[in-house]
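J.: Construct all of the structure, not just a fragment, from the sequences and the given hints.
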Amino acid sequence: MNTVVLATLLVIAIQLMAPVLWASLGEIVAERSGVLNIGTEGCLLLGAWASALVLSHGQSLFVALVAGIGVGVLTGGLLAVLYVWRRVDQIIGGIMVNLLALGLTTALWTLLRGDETSGNAPSLPIPLLSDIPVVGEALFDQNIFVYASIVAAVALFFVLQRTRWGLRLRAAGEAPAALDAAGVSVRRLRVSGLVVGSALAALGGTTLVLTSGAGSFVFDMSAGRGFIALGVVLLARWNPLLALLITAVFGLLQALQFQAQSIGWLSGVPTDVWIAAPYVVAIIAVAVAHGTRYPRAVGVAWTGH
Numbered sequence: 001m002n003t004v005v006l007a008t009l010l011v012i013a014i015q016l017m018a019p020v021l022w023a024s025l026g027e028i029v030a031e032r033s034g035v036l037n038i039g040t041e042g043c044l045l046l047g048a049w050a051s052a053l054v055l056s057h058g059q060s061l062f063v064a065l066v067a068g069i070g071v072g073v074l075t076g077g078l079l080a081v082l083y084v085w086r087r088v089d090q091i092i093g094g095i096m097v098n099l100l101a102l103g104l105t106t107a108l109w110t111l112l113r114g115d116e117t118s119g120n121a122p123s124l125p126i127p128l129l130s131d132i133p134v135v136g137e138a139l140f141d142q143n144i145f146v147y148a149s150i151v152a153a154v155a156l157f158f159v160l161q162r163t164r165w166g167l168r169l170r171a172a173g174e175a176p177a178a179l180d181a182a183g184v185s186v187r188r189l190r191v192s193g194l195v196v197g198s199a200l201a202a203l204g205g206t207t208l209v210l211t212s213g214a215g216s217f218v219f220d221m222s223a224g225r226g227f228i229a230l231g232v233v234l235l236a237r238w239n240p241l242l243a244l245l246i247t248a249v250f251g252l253l254q255a256l257q258f259q260a261q262s263i264g265w266l267s268g269v270p271t272d273v274w275i276a277a278p279y280v281v282a283i284i285a286v287a288v289a290h291g292t293r294y295p296r297a298v299g300v301a302w303t304g305h
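Using the UniProt record's numbering, you'd call the opening residue of the sequence shown number 1 and step up by one each time.
Among the hints, erroneous ones may be present.
[Claimed, not checked] Quick list of simulated restraints, FRET-style, between CB atoms:
| id | residue 1 | residue 2 | range |
| --- | --- | --- | --- |
| 1 | Gly58 | Val5 | 33 to 39 Å |
| 2 | Ile92 | Val66 | 29 to 35 Å |
| 3 | Asp272 | Leu111 | 32 to 38 Å |
Everything labelled a hint here was simulated from the structure, so no lab data went into it.
Given the structure is predicted, the values throughout are model-derived calculations rather than measurements.
The C-beta atom is built at its ideal place from N, Cα and C for all residues, glycine as well.
T.: So, in structure tokens, the structure goes:
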């Protein structure tokens, strides 16, 4: 494999990693609070739709970012009503939200889209570092949404380990009764976890549109990335830093569908195999990780205050 092909493979891998990483971080926050948010796929899809919609009407990247986060917050609020207040089964509620997002985004995109065309967010090369052979372009010549996803993984690790909100959030997922006895509202923590987690997942949709979607929206463009994020969280054991590494591997597997034909010993493998590879690996990984323990209260509706 020559260095040009390898460099291109790594660039694409990092770009494809970022949306899944955002969704994984959002799911980590939700599950740490005690909620299994199957609706992550819907959050990602709605974030992509909202960002693409405002771009199609000639708005700026900043407005697209705000739109993506905003629809994520609204979706998190809807999920909070279902999961926390109405105590709907979290798997059924998540499936409902995913189906709603799929139908709603398709219909409203056709109805509301504008005539403006957009492109990917501009790359921001880091001086000197972006000139490093092979890895420089992949790691240090990306757009702000890709950089931010990596920074967010590191930041979330410290938030969960070092801040009062993070420690209480983890307690809501592990020992909600003890948290309630200390006078802290478990419901409020879970609502905050869902809203923040859904906003992060929606940012994955914004990143997808502005990194590999050329600023536009297509039917079901999330393509199961939210479900892959569920597997990533399980494999990473709710550690944002491990999630960063695992999503990089998934990004590499996805990138092979575009570059495998340029790699001699892989050129004979059909492209369809590489398209399916990330999902097959996710299923196998979840199957072999059956011994991983979820936070004790994940999926258990809280009936107290």
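J.: None of the hints should be skipped; say for each whether it holds.
T.: These are the hints, each one checked on the structure:
no.: 1; hint: Gly58 x Val5: 33 to 39 Å; result: holds, 37 Å
no.: 2; hint: Ile92 x Val66: 29 to 35 Å; result: holds, 31 Å
no.: 3; hint: Asp272 x Leu111: 32 to 38 Å; result: holds, 33 Å
Checked against the numbered hints above, the structure breaks none of them.
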